[in-house]
Amino acid sequence: KAGVTQTPRYLIKTRGQQVTLSCSPISGHRSVSWYQQTPGQGLQFLFEYFSETQRNKGNFPGRFSGRQFSNSRSEMNVSTLELGDSALYLCASSLSSSFSGANVLTFGAGSRLTVL
Amino acid sequence: DQQVKQNSPSLSVQEGRISILNCDYTNSMFDYFLWYKKYPAEGPTFLISISSIKDKNEDGRFTVFLNKSAKHLSLHIVPSQPGDSAVYFCAATTPYNYGQNFVFGPGTRLSVLP
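Just so you know, the protein sequences line up as chains Z and F, in that order. Our numbering numbers the first residue of the first sequence as 71 and each following residue consecutively. Our numbering numbers the first residue of the second sequence as 3 and each following residue consecutively.
Calculated from the structure, these hints are not laboratory results. As the structure is a prediction and not an experimental result, all values here were calculated from the model. Be aware that a few hints might be false.
A few chain Z residues facing chain F, derived, Cβ under 10 angstroms [to be verified]:
1. GLY73
2. GLN76
3. ARG79
4. TYR105
5. GLY110
6. GLY128
7. ALA162
8. GLY178
The beta-carbon is built from N, C-alpha and C at its ideal position, and this holds for glycine as well.
Given only the sequences and the hints, what does the whole structure look like? Please build it.
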């Protein structure tokens with residue numbers, strides 16, 4: 071069973087540019103979440119999608135957006151990149167349609183974004 | 003304001019001994035807690051979880067203890083092995099969040115020395 075696939079794995083952008091990251095969840099998983107990991111900050115929740123709808127959103131500016139397609143694949147976009155956006159962006163999928171203890175997040179390997 | 007805290011950025015333990023990783027939280031509404039392990043260049047992998055109706059959950063060498071009154075949980079690894087060297091994240095969520103929204107701590111880097 072394939073895991074969560076994120077592309078690209080590494081990318082370098084300059085300030086002001088925009089970036090799109092892609093995530094393919096585990097087959098059958100309908101919930102996709104995005105997290106930003108920076109040193110010392112742990113994983114910060116960006117947003118979660120289920121059935122093409124954003125169900126939860128973290129405290130990030132509007133430059134961060136996402137979407138989910140009918141096949142559950144998800145993309146996140148960051149516009150007008152800032153130096154502070156340099157981070158590891160992690161996507162996670164889950165089987166659950168609502169929270170239950172048995173349904174944990176399965177993470178991809180992440181997309182490491184460097185903003186110069 | 004960090005709702006989930008892991009006050010030890012790093013921990014070194016001798017192989018075969020016990021590793022104890024600690025996690026504190028401030029939100030009394032959290033009722034489900036998880037530990038994840040992360041190796042470099044990989045995504046976090048689920049380790050063990052505990053519901054607030056329990057105070058202990060065990061899975062092989064890993065045991066998680068929850069003290070609700072102190073808003074504290076800990077992960078015990080016995081015996082520690084060099085392959086356990088990784089960053090460990092504590093995560094929590096509330097029952098009122100519809101969907102998946104976990105709050106993670108900043109992580110503790112565990113080094114198990116041979």
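Handout entry: Given hint GLY178/Z near chain F, where the shortest CB pair must fall under 10 angstroms
Key = It holds, given that the least Cβ distance between GLY178/Z and chain F is near 5 angstroms, below 10 angstroms.
Practice task
Report holds or violated for the interface hint on GLY110/Z, using the least CB-CB distance to chain F and a cut-off of 10 angstroms.
Solution key: 6 angstroms, holds
Problem - Closest C-beta approach of TYR105/Z to chain F relative to 10 angstroms, hint status - result: 7 angstroms, holds
Practice task
Return the status of the interface hint for GLN76/Z: holds when the least beta-carbon distance to chain F is below 10 angstroms, violated otherwise.
Solution key: Check passed: Cβ of GLN76/Z comes within 8 angstroms of chain F, closer than 10 angstroms.
Practice task
Answer holds if the nearest beta-carbon of chain F is closer than 10 angstroms to that of ALA162/Z; otherwise answer violated.
Solution key: 8 angstroms, holds
Handout entry: Hint check, GLY128/Z versus chain F [nearest Cβ-Cβ separation less than 10 angstroms]
Key = Check passed: Cβ of GLY128/Z comes within 8 angstroms of chain F, closer than 10 angstroms.
Practice task
Using 10 angstroms as the Cβ threshold, decide whether GLY73/Z counts as touching chain F.
Solution key: Holds, because the Cβ-Cβ distance from GLY73/Z to chain F comes to roughly 8 angstroms (cut-off 10 angstroms).
Problem - chain F contact restraint on ARG79/Z - CB to CB distance below 10 angstroms - result: 9 angstroms, holds
This entry satisfies every hint, going by the numbered hints stated previously.
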